[in-house]
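2 protein chains.
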Amino acid sequence: MKRSLGRKTLILPSPAWVVGTYDAQGEPNGMTAAWGGICCSKPPSVCVSIREATYTYQAIVDRQAFTVNVPAADQVKQADYLGIASGRDVDKFAVAGLSAVRAEHVDAPLVDEFPLNLECALIHTVKIGLHTLFVGEIRDVKAEESILNEKGRPSIEKLSPPIFSVGEAAYYAVGAPLGPAFTIGKDLGDIE
Amino acid sequence: MKRSLGRKTLILPSPAWVVGTYDAQGEPNGMTAAWGGICCSKPPSVCVSIREATYTYQAIVDRQAFTVNVPAADQVKQADYLGIASGRDVDKFAVAGLSAVRAEHVDAPLVDEFPLNLECALIHTVKIGLHTLFVGEIRDVKAEESILNEKGRPSIEKLSPPIFSVGEAAYYAVGAPLGPAFTIGKDLGDIE
Numbered sequence: 008m009k010r011s012l013g014r015k016t017l018i019l020p021s022p023a024w025v026v027g028t029y030d031a032q033g034e035p036n037g038m039t040a041a042w043g044g045i046c047c048s049k050p051p052s053v054c055v056s057i058r059e060a061t062y063t064y065q066a067i068v069d070r071q072a073f074t075v076n077v078p079a080a081d082q083v084k085q086a087d088y089l090g091i092a093s094g095r096d097v098d099k100f101a102v103a104g105l106s107a108v109r110a111e112h113v114d115a116p117l118v119d120e121f122p123l124n125l126e127c128a129l130i131h132t133v134k135i136g137l138h139t140l141f142v143g144e145i146r147d148v149k150a151e152e153s154i155l156n157e158k159g160r161p162s163i164e165k166l167s168p169p170i171f172s173v174g175e176a177a178y179y180a181v182g183a184p185l186g187p188a189f190t191i192g193k194d195l196g197d198i199e
Numbered sequence: 008m009k010r011s012l013g014r015k016t017l018i019l020p021s022p023a024w025v026v027g028t029y030d031a032q033g034e035p036n037g038m039t040a041a042w043g044g045i046c047c048s049k050p051p052s053v054c055v056s057i058r059e060a061t062y063t064y065q066a067i068v069d070r071q072a073f074t075v076n077v078p079a080a081d082q083v084k085q086a087d088y089l090g091i092a093s094g095r096d097v098d099k100f101a102v103a104g105l106s107a108v109r110a111e112h113v114d115a116p117l118v119d120e121f122p123l124n125l126e127c128a129l130i131h132t133v134k135i136g137l138h139t140l141f142v143g144e145i146r147d148v149k150a151e152e153s154i155l156n157e158k159g160r161p162s163i164e165k166l167s168p169p170i171f172s173v174g175e176a177a178y179y180a181v182g183a184p185l186g187p188a189f190t191i192g193k194d195l196g197d198i199e
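If you read the protein sequences in the order shown, they are chains A and B.
Taking the working numbering, the leading residue of the first sequence gets 8, the next gets one more, and so forth.
Taking the working numbering, the leading residue of the second sequence gets 8, the next gets one more, and so forth.
Extracted from the complex, chain A is given alone in its bound form:
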């Protein structure tokens, strides 16, 4: 039996990423965002949605750039902190014990301690309502060697990024493998 829950953002799962920017004084700031996802393969692009009231919003508009930084499961406390404090009030990197490193290809800082970082140049801005959607073209991905699999790609098993659940308002670890993509479904029908 299904129940109607109304007009709400109740979908699962969401990521817990940290958006890195430089403010007008050139100070690094990081803000946690669960509203985002990959949005194009060519050019490789990722989107994040940010409220206009945030410190990060103006920084993205001014610098036309941001980074997306993926924490490991044991960095979830720092990621959560970056989502509740404001860069207007405090140096969030310092309080969280994190280091900002200038990105190589865009005007934004990487969270050095987080194992996976994307350098993004702003290519589209879509005002939706409370949130504005920023599309960033991925100019480079940087990853700790320790999270790479045998194909040289970031491994979800090794990185273990926190998964955000809007339903529980909580973070979760990644669990057991369920099967290979573009493969397990072939059992159901003939695919050319």
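If you are wondering where the hints come from, they were derived from the structure by calculation, not from laboratory data.
It is possible that some hints are incorrect.
When chains are identical, the list treats them as one kind, so a pair holds in a single copy or across two.
Said to hold, decoys possible - Taking lysine-lysine and the DSS-like style, the derived pairs with C-alpha atoms no more than 30 Å apart in a straight line are:
#1 134 - 9
#2 49 - 158
#3 193 - 49
#4 49 - 165
#5 134 - 15
#6 134 - 165
#7 158 - 193
#8 193 - 165
#9 84 - 193
#10 15 - 193
#11 84 - 49
#12 84 - 15
This one's a predicted model, so the numbers in the text were calculated from it and none came from an experiment.
Assemble chain B onto chain A, guided by the hints.
Below, chain B alone, put in the same frame as chain A:
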């Protein structure tokens, strides 16, 4: 030690959602999409990115509507199938043993067997490159009673949606809770 991986869509995690549409003949179709996420709280909105070459693309443009359907972990085989076959060639719902039910508020079908369904009206279209980003305003969320928590919200523990890893090209289950959001980070600093 970090390594540069180049301009790639290598971020984690991604969802594995099924986008539901009606084609020009009014036949239901479902296509798996990992490129998407929530993109606004007010109006509540979700985005999915779709290649122009897909059958789903034209259906969204024609009907100005789509649904986003979230499978449970034990439906991952069906979800994977919907991502590799094309609605041009086969009735994917029939092959996968799934039922299409007309959405209440938009001109698109829900995947009845999947426990969580969002009815979306198209409000923005952004051509990025290979993919086009569609922003859908969420007109209703429908959920199986069995996946709701004590607050009446979809529970990631009860639903157990597959998590897609682009690094492994595989699906994963949701693991153990890591802590409450907007809470565990408060240990790190004074928050007003």
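Structure-based check of each hint:
Taking CA atoms no more than 30 Å apart as the test, residue 134 paired with residue 9 passes in neither setting, with 33 Å inside one copy and 35 Å between copies. Taking identical chains as interchangeable, the C-alpha atoms of residue 49 and residue 158 lie at most 30 Å apart only when both belong to the same chain, with a minimum of 21 Å there against 41 Å between chains. For the homomeric pair residue 193 and residue 49, the shortest alpha-carbon distance inside one copy (26 Å) is at most 30 Å, but the shortest distance between copies (39 Å) is not. For the identical chains of this complex, residue 49 and residue 165 are intra-copy neighbours only, at 26 Å inside a copy versus 36 Å across copies, given an alpha-carbon limit of 30 Å.
Proximity of residue 134 and residue 15 under a CA criterion of 30 Å is satisfied in both settings, with 18 Å inside one chain copy and 26 Å between copies. Within a single copy, residue 134 and residue 165 get their C-alpha atoms no closer than 36 Å, and across copies no closer than 34 Å, so neither meets the 30 Å cut-off. In the homo-oligomer, the alpha carbons of residue 158 and residue 193 lie at most 30 Å apart inside one protomer (23 Å), although the nearest pairing across protomers, at 38 Å, exceeds that limit. In this assembly of identical chains, residue 193 and residue 165 lie within 30 Å of each other by CA distance both inside one copy and across copies; the values are 27 Å within and 27 Å between.
Taking identical chains as interchangeable, the C-alpha atoms of residue 84 and residue 193 lie at most 30 Å apart only when they sit on different chains, with a minimum of 8 Å there against 40 Å within one chain. Taking identical chains as interchangeable, the C-alpha atoms of residue 15 and residue 193 lie at most 30 Å apart only when they sit on different chains, with a minimum of 27 Å there against 34 Å within one chain. Only between protomers do residue 84 and residue 49 lie at most 30 Å apart by alpha-carbon distance; the minimum there is 27 Å, versus 34 Å within a single protomer. For a Cα distance limit of 30 Å, the shortest separation of residue 84 from residue 15 qualifies both inside one copy, at 26 Å, and across copies, at 28 Å.
Consistency note: the structure conflicts with the earlier hints numbered 1, 6.
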